[in-house]
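J.: Residue numbers (my numbering): 4 to 266.
Since the hints were derived computationally from the structure, they do not count as laboratory data. Incorrect hints may appear among the rest.
Cβ pair distances, simulated, as ranges [claimed, not checked]: (1) 168 with 105: 26 to 34 Å; (2) 43 with 143: 37 to 45 Å; (3) 64 with 197: 31 to 39 Å; (4) 42 with 84: 31 to 39 Å; (5) 135 with 65: 38 to 46 Å.
A quick note: this is a predicted structure, and the numbers were derived from the prediction, not measured. Using N, Cα and C, we set each Cβ at its ideal position, and we do this for glycine too.
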Amino acid sequence: MPSARHAAIACALALALGPLTTLPTAQGKPKVKFHQDWARHPSARYAAMSAEQCREALARRKIAFEPVRRAPGVLAPVRLMQGVGGILYRTAEPAHRRADNPNDVFDCRLALALSDFSRILRVHDVTEVLMYSAWRPPSAMWPEGKLATRHPGGLAIDAYRFIKRRVGDAFAEEWLDVERDFVGRRGAPVCGEGAGKPATRGAAGKGTRGLPADAAARELRSIVCEAADQHVFTSILTPNYDRAHKNHLHLEVTPGVQWQLVR
4 MPSARHAAIA CALALALGPL TTLPTAQGKP KVKFHQDWAR HPSARYAAMS
54 AEQCREALAR RKIAFEPVRR APGVLAPVRL MQGVGGILYR TAEPAHRRAD
104 NPNDVFDCRL ALALSDFSRI LRVHDVTEVL MYSAWRPPSA MWPEGKLATR
154 HPGGLAIDAY RFIKRRVGDA FAEEWLDVER DFVGRRGAPV CGEGAGKPAT
204 RGAAGKGTRG LPADAAAREL RSIVCEAADQ HVFTSILTPN YDRAHKNHLH
254 LEVTPGVQWQ LVR
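Produce the complete structure using the sequences and hints provided.
T.: Structure representation (structure tokens):
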């Protein structure tokens, strides 16, 4: 679990980013939040980069990447076989298959956001993130040269498990699982005032490392809210959003917008 010092740093960052105001949206649509200094936030800066600028930024951070020759819809497709910032982001495919698996392709701009996210995860002793996919290739009819967003643009991951560093030799579950541990309420706020405590699964429930279920839920919720406070991603969708997200976190960088969505 993070130390008091790390928690204080996260709080200070959240305060420094300032208040957010809510924009009106259409009936039934999720609300987004706008910030006056949006262009200065990491997710916006990365989203505005060209392919060349992004690759240069990866090189400056000493992030090892393998350029992908062709990935329709993706501005700067890369593979991150060695991880980013000390964290490996991967599908459940074995390594020799991930080297050719389209779902293990990332847009370079998402890789920069994941580099920031890794700083948060290291505080929580996370070493790997299992995801269902990053890039999802668009249809065969997708126009050549046209860029996509979200998964077809390689700009989002669906993370379902956060694997932790093993402590000692004792056998114990060493991960936070979104479907098991988030225990949210659909439609409820995820972070900030009104979010309240995570729902509980009963006193007998256990989370990672044998922690009570509510402790595991608090840690997973803390990871989400620290990322939101630091504006690492444009969109963060959780099990609180809808049934389709009951088992994963959707973490996305979105070009050309001035809002943040955390649901």
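J.: Checking against the hints above, which ones are violated?
T.: 5
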